[in-house]
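Number of protein chains: 2
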Amino acid sequence: MNLNFYMPTKVIMGEDCISQNEMEFTKLGRKALIVTGAHSAKMNGSLDDIIKTLELVKIDYVIYDKVRSNPTVTCVYEGAKIARDNNVEFIIAIGGGSPMDAGKAIALLACQDIKEDEIFGGNISDKVLPMAFVPTTAGTGSEVTQYSILTNDKAETKTSISSPYLFPTVSFLDAKYMDSLSITTTINTAIDALSHAVEGMISVRATALTNAIAIESIQNIASCFEELRSEKVSRVAREKLLYGSMLAGIVIAHTGTTAVHSMGYSLTYFKDVDHGRANGLLLGGFLEFVQKAKPELIDTMLKAMNLTSVEEFQILMNQLFGDKEEITMEEMKKYTSIAIKAKNIKNSSVEPDENVILDIYKKSFGLS
Amino acid sequence: MNLNFYMPTKVIMGEDCISQNEMEFTKLGRKALIVTGAHSAKMNGSLDDIIKTLELVKIDYVIYDKVRSNPTVTCVYEGAKIARDNNVEFIIAIGGGSPMDAGKAIALLACQDIKEDEIFGGNISDKVLPMAFVPTTAGTGSEVTQYSILTNDKAETKTSISSPYLFPTVSFLDAKYMDSLSITTTINTAIDALSHAVEGMISVRATALTNAIAIESIQNIASCFEELRSEKVSRVAREKLLYGSMLAGIVIAHTGTTAVHSMGYSLTYFKDVDHGRANGLLLGGFLEFVQKAKPELIDTMLKAMNLTSVEEFQILMNQLFGDKEEITMEEMKKYTSIAIKAKNIKNSSVEPDENVILDIYKKSFGLS
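Protein chains in written order, with numbering that gives the first Met the number 0: chain F, 0 to 367; chain A, 0 to 367.
Next comes chain F alone, as it looks inside the complex (with noise of 0.2 angstroms):
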């Protein structure tokens, strides 16, 4: 049995956790840089909290709040420039996987000179920035990674900083912040997160750790399946949601992702289409290739989400996606030729070549 397993961030999940746990702050640092996007943490409240709760414990920050939606190389040197200007010492991220993958990125680069076209060459040390991180998005599980996804231009996808000093020193999970996304985002989210467990699970780097892990992440989320697809979705379920999000987070920090990520990332780039929104729709076709290799592995999965068949999960998928994006053949192609590349098909234990990948693109977005 060979196993590795490293997860040092301290997670703390609950209600008001934030508020209750100033002391945590006080270990950090004297001052944070605060980096979120324009909106949201604004709205949900936990930018608030955060305030409230560093001025009790006499904690100066500066705010970054220029973070938009997979972010780029230029928007993390920014934010590192202000970190370095302001003298801060430890950085808060609150957001969905932007802003903490941002914040990641930051706290390297706040520490480290390291030249634009080398960020993503992997010589890491580890003078990287204290982090604190709030998720108010219940699907990334960056909160526990040790990965910066950030868009890169030259690649024409998203790639990864990777560096076991990038894991936050804590997450602050609530589920109250959550409360106001909006179901569309919600779907998204949860099924980026089941995502992340299915294709540890499928990993070549899976193991009986990462595997107890996924599975436990499965059963959380699929239990909220019937209020993702009514459109109710309690605070029960978004803690659930929550806690899911956060082992898949577990698990492709030994994992990685496989092939569904690779080939969702050339929809972002070009399509714009949504992280989770995209896995979403592929994954049912990838889990239909998988299932003819390794039957027993998938109905491991479908068992612990309460499902009969991959069809099943695919009729299930449709609900929650509803009208899918139009992509020509042509763009298919390109996509393919694309994921084709990335190093998270060789991570997938059955790997897809090239005309199966189209395949799936194919069959994903009814073209066969």
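FYI, nobody ran anything at the bench for these hints, they're computed from the structure.
There's no promise every hint is true.
What the hints assert, rightly or not - In silico SDA-like pairs for lysine to any residue, Cα to Cα no more than 20 angstroms straight-line:
(1) F/Lys175 <-> A/Met0
(2) A/Lys302 <-> F/Ile214
(3) F/Lys26 <-> A/Lys302
(4) F/Lys26 <-> A/Pro163
(5) A/Lys26 <-> F/Tyr164
Stated by the list, open to error - Computed, partial: chain A to chain F, Cβ under 10 angstroms:
(6) Asn1
(7) Tyr5
(8) Val169
(9) Val203
(10) Ala205
(11) Thr206
(12) Ala207
(13) Ile212
(14) Leu241
(15) Tyr268
(16) Leu315
(17) Met316
Claimed, not checked - Here are the simulated distance ranges between beta carbons:
(18) A/Gly121 <-> F/Asp59: 39 to 49 angstroms
(19) F/Gln19 <-> A/Gly121: 39 to 49 angstroms
(20) A/Asp271 <-> F/Gly120: 28 to 38 angstroms
(21) F/Asp47 <-> A/Lys51: 51 to 61 angstroms
(22) A/Asn3 <-> F/Ser124: 39 to 49 angstroms
Here the structure is a predicted model, which means the values were calculated and not measured.
Yeah, the Cβ is synthetic: ideal placement off N, Cα and C, and Gly gets one too.
Following the hints, complete the assembly by docking chain A onto the known chain F.
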């Protein structure tokens, strides 16, 4: 849903994982103190593997091999003096729970001046030497916990030092070091680990995540029951036991132990009953007590063990442990009065009173 999770130790499991990960040691320092017992690390090959690996990467070392079962406060101060006198930069602990628990206290006392009568006082800073741990039994889980459990002669029991700074930096899990373990030690340690997972689920601090890890642990340990009973334990079973005991360690790192451990400590302190055996002898009686208030919880555990009743579990324990020690009624009353004061008692979600504790002792040793 409330939940805390923190386990920063890097776990590396697999055959020859020490020699295959020599660079992990260079991250810890240039000179090590190897903390171990008198014999087993020399017999089972683990000390040799460590020494070869250290020599390969040119790390100097000193050996302190004077840790005995149930290490004392005196022992850890002696080890810490050797660490200081030799200016070691990190600790390597090899062995069962005793060398690992001693290793943590030595890593602490090598850096911090704490008086002997204050060592259990909990006032610990983050100055602790880095630690690499090599468990050579599959029971304690100390390789993934923040506890250093020492014999406390003043309190006539075992007492733990607990600090988030006492998690080992890295732990190497190689089941080959367990091939030479006697069947008695194999059973005692396996049932100690089982007791950790089971008590973790009964703890007031149990969460969805610790329960999921506990179930994975119980399933793995229970899958070896037949081999333990037949006294022929394969390498595959040893890997499952090692995996299961590590998982159970992660559980108690979050939940602590409950009444069984409180009650077992007196058996070890006064009658020299092995720690795991003591837990195993008491566990059935405690499960029977908890079942009255929480039948579903006990059912979940039994199902994970592939058993149908607590009685069946008790029969299995009787088979594994054979003839029991003779304990007088007077002794049991004394142990009860010690156990009832232990903080682990209040940690049980179903809390036994003095009568219940005495009753469990009596049932466990055939006096009722």
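Okay, the hints, checked on the actual structure:
As the CA atoms of lysine 175 of chain F and methionine 0 of chain A are separated by approximately 11 angstroms, the hinted pair is consistent with the 20 angstroms bound. For the hint linking lysine 302 of chain A to isoleucine 214 of chain F, the alpha-carbon distance of about 17 angstroms falls within 20 angstroms, and the restraint holds. Distance check on the hinted pair: lysine 26 of chain F and lysine 302 of chain A sit about 43 angstroms apart at the alpha-carbon level, beyond 20 angstroms; violated. Proposed proximity of lysine 26 of chain F and proline 163 of chain A is supported: the alpha carbons are some 13 angstroms apart, at most 20 angstroms.
For the hint linking lysine 26 of chain A to tyrosine 164 of chain F, the alpha-carbon distance of about 13 angstroms falls within 20 angstroms, and the restraint holds. A distance limit of 10 angstroms between C-beta atoms decides the matter here; for asparagine 1 of chain A the minimum to chain F is near 4 angstroms, and the interface restraint holds. Taking 10 angstroms as the C-beta cut-off, the interface hint given for tyrosine 5 of chain A holds, the closest approach to chain F being about 4 angstroms. Using the Cβ-Cβ criterion of 10 angstroms, the hint placing valine 169 of chain A at the interface with chain F is satisfied: the shortest such distance is roughly 9 angstroms.
Hint on valine 203 of chain A is violated. Least Cβ distance to chain F is approximately 15 angstroms, over the 10 angstroms limit. For the restraint placing alanine 205 of chain A at the interface with chain F, the shortest Cβ-Cβ distance is roughly 14 angstroms, beyond the 10 angstroms limit, so the hint is violated. The criterion of a C-beta within 10 angstroms of any C-beta in chain F is met by threonine 206 of chain A, whose closest approach is roughly 9 angstroms, and the hint holds. Look at alanine 207 of chain A: its Cβ gets to within about 6 angstroms of chain F, closer than 10 angstroms, so that hint holds up.
The beta carbon of isoleucine 212 of chain A is positioned within 10 angstroms of a beta carbon in chain F (closest approach about 7 angstroms), and the interface hint is therefore held. Of the supplied interface hints, the one on leucine 241 of chain A holds, with its beta-carbon coming within about 8 angstroms of a beta-carbon of chain F, less than 10 angstroms. With a least beta-carbon distance of about 34 angstroms to chain F, the hint placing tyrosine 268 of chain A at the interface is violated under the 10 angstroms criterion. Given hint, leucine 315 of chain A at the interface with chain F, is violated; its Cβ is 24 angstroms from that chain's nearest Cβ, farther than 10 angstroms.
Hint status for methionine 316 of chain A relative to chain F: violated, with the closest Cβ pair at about 26 angstroms, above 10 angstroms. The hinted range of 39 to 49 angstroms is not satisfied by glycine 121 of chain A and aspartate 59 of chain F, whose Cβ atoms lie roughly 31 angstroms apart. Between glutamine 19 of chain F and glycine 121 of chain A the C-beta distance comes to about 21 angstroms, which lies outside the given range of 39 to 49 angstroms. For aspartate 271 of chain A and glycine 120 of chain F, the Cβ-Cβ distance of about 59 angstroms falls outside the hinted range of 28 to 38 angstroms, so the restraint is violated.
Here the CB-CB span from aspartate 47 of chain F to lysine 51 of chain A is close to 57 angstroms, well matched to the stated 51 to 61 angstroms. Distance hint for asparagine 3 of chain A and serine 124 of chain F: a CB-CB separation of about 30 angstroms, inconsistent with the stated range 39 to 49 angstroms.
In summary, the numbered hints that this structure violates are 3, 9, 10, 15, 16, 17, 18, 19, 20 and 22.
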